[in-house]
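Sequences listed follow chains A and B, in order.
Quick note on numbering: the first sequence equals residues 1 to 234 in the numbering used here.
Quick note on numbering: the second sequence equals residues 1001 to 1428 in the numbering used here.
One or more hints might be untrue.
Unchecked claim - Pairwise CB distance ranges, derived in the manner of DEER restraints:
(1) A:Asp59 x B:Ala1186: 48 to 56 Å
(2) B:Gly1406 x A:Arg145: 43 to 51 Å
(3) A:Gly94 x B:Ala1355: 52 to 60 Å
(4) B:Asp1344 x A:Gly228: 53 to 61 Å
(5) A:Glu84 x B:Gly1249: 30 to 38 Å
(6) B:Ala1177 x A:Asp59: 47 to 55 Å
(7) A:Arg118 x B:Asp1191: 30 to 38 Å
(8) B:Ala1177 x A:Ala89: 47 to 55 Å
(9) A:Thr207 x B:Glu1218: 54 to 62 Å
(10) A:Gly228 x B:Gly1356: 55 to 63 Å
(11) B:Pro1251 x A:Ala39: 35 to 43 Å
(12) B:Gly1345 x A:Ala23: 49 to 57 Å
These are calculated hints, taken from the structure and not from any lab test.
All C-beta atoms in this analysis are idealised placements derived from N, C-alpha and C, irrespective of residue type, glycine included.
The lines below spell out each chain.
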Amino acid sequence: MASVLVVEDDQRIREVLARGLTAAGHVVRAESSGGAALAAVVDWQPDVVVLDLGLPDIDGRDVLGMVRGVSQVPVIVATARDDEAQIVALLDAGADDYVVKPYATSQIEARIRAVLRRGGGNDGPAPTELQLGHLVVDTARRSARLEGQDLDLTRLEFDLLACLARRSPEVVTRRELLAEVWRQPYGGSDKTVDVHLSWLRRKLGETAAAPRYLHTIRGVGIKLEPPGPGPGAP
Amino acid sequence: VRRRLLAITVAATALVVVAFVVPLAGLVRSVARDRAVSGAERDMGSLAPVLASTDDPATLAGSVATTSTGSDGRLTLWLPDGTQLGDATPVDDAALALARQGRAFSRTADGGGLDLFTPIVSGDTTSVVRARLPGSLLTRGVTRSWTALALVGVALVAAAGLIADRLGRSLTREATALASTARTLAAGDPDARVAPGTTPELGDAARALNRLADRIDELRAAERERVADLSHRLRTPLTALRLDAEAAGDPDLGADLDRLEAAVTEVIREAQRPLHAGAVRARADLAAVVRERAGFWGALADDDGRAWELEVGPEGEVPVVLGEGELAAALDAVFDNVFHHTPDGTAYRVRLGLAGDRAEVRVDDAGPGVADPGAMLARGHTSDRRRSTGLGLDIARRATEVAGGGIRIGRSDLGGASVALTFPRAEA
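Put together the whole structure using the sequences plus the hints.
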């Protein structure tokens, strides 16, 4: 588990989020202003910072720049804006990841796990190449191969596959996929996930009726699991 | 403008040149003729003192030969006794008789020439002198002068054309730069500005365009701030609600919150949309987007065991005044609606057709149909609040309305619902 600095000016959000992350096993320190957050980054040296942009004393973007000046700590920005230009500007300014308000604690947790995996976190560097049977997902290169052949995936298809691969063999709910891949709790309907899964299945050379890697667990979600050794398998 | 200015200048200069050159050309010819005639008259007159002093034919023949006209063999002297000295060209008796009566005259000769007759009275006797002026002598130097005049005229017209072209180029350069900057601004580059030129009117227009661009910048910045503020003010309390609902663990509350969040997002997106659908608005090819989105959803249809078909009637592009992204989102909402509200295995059909100046995309399904079509278009209406925000068809309705079209829900010939999106066709 990680030490998490939550910087949020809204008291209600700050308290509930801190409670939720603590319940999830993290060590949490919550600050309500940019100045206090900078001091905490230097003094406390957290593993990850969850930074709200709308702070009362210093603009969150400036806080991000100042944090980057003194530390390489992963920063997850919580923003109320979801336009692409704003997101790109934040990532360019040094944010490691972002989450769009309104978010759920589970989303923040997922982002924390993701940035810690990328940065190594407490458990050492995370593998960038995930192998499931004959399927290899390289998250650093954003490429995937099946039986040695490169898969031609769209951005969302790759993110979907990478998300399922990282959590394999867990069953991931559609809501979780919407939160992790589409970044919003309501980022689309369940059918948005389904249609992308259908395309992913096509590209993996399988169908919903005859799955090999992507398995739908009716009423629960989806899991990515390599096919077991069949009678003809080596 | 440049070509027109050039044509006007060349035409005006050519008229001025013609107005001056034509009389000048006539004057040149007249001067050449007068010069030849006066030279001949001078030579003819020079014989009078000689005739007064002698009547010796040999002396007189010598005098004739010493004149310029005589040395050319064009001067004849008839003595009173009829002796002809100098030029031996015959003359008709009538002319000679007329001259002997004391009349000086000229008459046109063959080949455009001129014969001058002058009587010289010496005492009571009259001699006659004739000078022949051939046509070539009367027009000597005229062709050269006319050529020079023509060259000067052409040079003047060419110079005027050149100057007009340079002036026109400077004018059109400024106007072209102005138009190009306006187009760049319209294409979405907020940094485009134009340097005011030297033409006062165009310079004024350029400064006005730059001020307009600055104003657009200010408005965009204000709009960004307004939307950012709106997002923050709406989404921050929603975050608190979301976290509370999560802690409470009530799925119905969570579903209601999903719908509220979706509605808030739609409000924010609406605030970002332009108020007017003008020419600047993006266009999309409806046929291409329908094919693409139908193919996209077809993958899920195949997985769900749904038979589906796509019929695109018109050949070629069907442009509509709506951005490709918004158009795709509207179609996705309709497809999503079919997949949400009909069981797996239900067939559907997508048709794109043209009716006059409108294009219609119709999605028919073989599902249970719609009991209350009007309610389906109402914002937030859903029959399954845990799985749908109820905003899908409302999004499709708003998109079609922005494009100047509309949405209709009815019963399809397949037995289920029929959703038709209509769009006015934009000019290609």
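- Report the numbers of all earlier hints that the structure fails to satisfy, in ascending order. Violated: hints 1, 4, 6, 8 and 12.
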